[in-house]
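Here the protein sequences come in this chain order: R and C. Start counting the first sequence at 1; every next residue gets the next number (the numbering used here). Start counting the second sequence at 1; every next residue gets the next number (the numbering used here).
The reader is advised that the hints may include incorrect statements.
[Stated by the list, open to error] Computed cross-link-like contacts, DSSO-like style, restricted to lysine-lysine with a CA-CA straight-line distance of at most 27 Å: (1) R:730 - R:194; (2) C:77 - R:303; (3) R:232 - C:42; (4) R:232 - C:77; (5) R:232 - R:303; (6) C:28 - R:85; (7) R:397 - C:56; (8) R:232 - C:21; (9) C:56 - R:8.
Just so you know, the hints here were simulated from the structure itself, not pulled from any lab data. The model shown is predicted, which means the values in this text are computed figures rather than measured ones.
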Amino acid sequence: MALDNENKNFFDVVGTRPIRPDGIEKVTGQARFGADAYLPGMLHGIILRSPHAHAEILNIDTTSLDNDPSVKAIVTRKDFSPDLKGEDWNILENVMADQKALYDGHAIAAVACSSLLEARDAVKKIRVKYSLLPHVTDVEEAMKEGAPIIREGVARSSVPKDMHPNIVGYHESGHGNVEKGFIEADLIIEETFKTEAAHQGYIEPHACLVNMMPDGKGEVWCCTQGHFNVAKVCAKLLGTDASQIRVTASEIGGGFGGKTAVFIEPVALALSKKANRPVKMVMSRSEVFRATGPTSSTSMLVKIGMKKDGKITAASGTFKLQGGAFPGSPMAESAMCAFAPYDLEHVKNVGWDVMCNRPKQAAYRAPGSPMAAFAVESVIDDLCKKLKLDPIETRLKNAVKEGSKASFGPRFERIGLVETLESAKSHPHYLAPLKDGYGRGISCGFWFNFGGETSVSLALAEDGTASLSVGTPDIGGSRASMCQIVSEELSIPYEKVRATIADTATLGYNEISHGSRVTFATGLATIKAARDMKRKLCARAASNWGLEEDAVYWEKGYVKPAGPNAGNHDPLSIIDIAKTMGRTGGPIVGHFEASPEGAGVSFATHIVDAKVDRETGFTSVDRYTVIQDAGKAIHPAYVEGQFQGGAAQGIGWALNEEYIYDEKGVLQNAGFLDYRIPVASDLPKIDTVIVEVPNPGHPYGVRGVGETSICPPLAAIANAVSNSVGIRMKELPMSPPRILKAIEENNG
Amino acid sequence: MANVYLWSGVRALVAEENPLKIDGENLKELLDNLIISYPNLKAIIQEGVSFSVDNKLVMSSTIERIEENSEVYIFQKISGG
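Please construct the entire structure, taking both the sequences and the accompanying hints into account.
Now the structure itself:
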């Protein structure tokens, strides 16, 4: 039986919209999030954070807490492993500062007390002596001669020599000869763009409960996108074995990339180790803003040449991203995604990774791609306007398709950009007349999608139901999708499958839930585990009948004899086999452990209608449509939710969200009152169209969907604003003050 | 031998040869042989890379099989959110 590599094109359960398995718990308040964990005798941990953007730490004086009976433990950097290098050192340095505070909010020390109030009081009594250093928070300023140096000797080997020490990464890719291509153009537009850092804005703050026992075994319950990574990082930072730290992922109240990083869990474990008591830590919203990663802010230069008929002759872009006080901004991703939707003979992508006195940037949905799309798609829109070209026809004229050479190198396999553009062209939204004063914006976007280490286990119960254990936290409805896949493969009802996020002691290593990888990789793993189980069910039935394994076959939930020579046996159902499995060979469990690749890239096209109030500068978004290639939508309602979520976050990023630092480098808007994410009244109904061009690298054709939807919105809204108010906005967010200023400058 | 394409930012380290002709039955062997031929690429590869093998994106797994005349692109490591 070729159960392993069978590709499915017709489905019974996949593609339907069953009730989500976590729905009841969440709507009744019974779901347990990070802050919902309790243990008898637990302490509360609080972190002391730097009030300075850049300062040498001369002394940390905790003597005032020496005789305080409420204080059960104090930790500073010396309580963590001293032997780390590279990115492990960077993570530790971000978790707890060593010799310098590198940004406003950087952790300096932590205390654990019996109550939260006592901990809050105690941490204020720690005296830290700082020597202030000059700081820099702007990406362009950080590259200038004389800019304060964040840290010497960090630059990657790809950085050209003699660059400013704050430049720590360099990327260059492309093909052809852009100078030759620009000569062939009828019109060239070159513009600079800037975007501010935007936070992922998850509602649930980082939270954990840990217990480090005297024998060195640690337990962690936390909200995270990757609990296996939490175990690995905590073990390294504390100098212990990863297998001794068992991590259980709680329900998660949003992550969007921001919970791929580790912040408080190692601190809580260090406190617990010292106090010999469980320790709970929950970040305040202010801490979340000041000390967990927003995405990078950027400065970008984009140049595109176009013929009168809309054919792009050449394109180049330079993308400078600051990643906070550490290397690792997604500048290579910006550069590689920027022109990915277009089939270009001449293209050049350049990226710079720059350090500033800001928190370490963390991934945020398709890291680097939305900002690059903002710059590129804005220039394409201006070219279309000046050459009087239709924006969709022009994008179709240049769109990549199967076999096109990508701007980052290889040729594309089967992809669906053209299908999204064709769908947009015929969509009622695009065909509808514009309301008075509104502008319509179009943009495309691209993201890679990921595979990565994946391990699942599918156990059969004696009543023929199935229990699936996966190691990827459910950040977008994956438990429902996985149950559908098991149901599809085994032909048992969806309700008879339960999916659980297993702890780190239960399964092999699982890569973080990131890169839109879960439905692709865990889905593929679940298909393979179910097919492994089917093989074992067939073997068990054959054994029961006294046949060779190849004398039976699987059909719709039954094992049947392969033909007349196999004898006259009644088909055996899963229930028949399950109820006797204990005495016919033992438990039946399907497994998959591997690192699937071939995730399949995806593209989206967005349409938006927006209107600028010329008196207030306020932009209202009236209508929004997301069209995206999902490969195959397992649970279409969840896919639509991902599309809508990306658009909603993009609207916030485009119009209001930004990190505002004062002249001392201190964050001024570390709360949702001043950092304005969109609320329901800011958002229109967001329509969705799921395009399904199957990914050849997945048995069902699945592509990741979680990230691509945030790539086009910044540009789509900027293009709508430009068409409404007649001014090209080159800096995000397009907040009312910034738009008013642009209108005033345009008038005068 | 596979045709190996590096991102243009590091081509100066291999005297602008593009593509490089490198042996290897899988990505690990190919990377090992690449470093033997061009030791100055070792640090860059160790800092993290992703791949495309005959147009299939491969983010990290080095067991991917390489055929005679395969086209292998090596990128700086790509991360997701």
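Verification of the hints:
Between residue 730 of chain R and residue 194 of chain R the alpha-carbon distance is near 6 Å, which keeps this suggested pair within the 27 Å criterion. Between residue 77 of chain C and residue 303 of chain R the alpha-carbon distance is near 26 Å, which keeps this suggested pair within the 27 Å criterion. A C-alpha spacing of about 25 Å is found between residue 232 of chain R and residue 42 of chain C, which places the hinted pair at or below 27 Å, so the restraint holds. Restraint check for residue 232 of chain R and residue 77 of chain C: the C-alpha separation of about 20 Å stays at or below 27 Å, so the hint holds.
Taking the CA atoms of residue 232 of chain R and residue 303 of chain R, the gap is near 43 Å; set against the 27 Å cutoff, the hint is violated. A hinted pair counts as satisfied when its Cα atoms are at most 27 Å apart, and residue 28 of chain C with residue 85 of chain R qualifies at roughly 24 Å. At roughly 25 Å between alpha-carbon atoms, residue 397 of chain R and residue 56 of chain C fall within 27 Å of each other, so this suggested pair holds. With a C-alpha separation of about 37 Å, the suggested pair residue 232 of chain R and residue 21 of chain C falls outside the 27 Å cut-off, and the hint is violated.
Straight-line distance between C-alpha atoms of residue 56 of chain C and residue 8 of chain R comes to about 20 Å, which keeps the hinted pair within the 27 Å bound.
Hint violations for this structure: numbers 5 and 8, all remaining hints satisfied.
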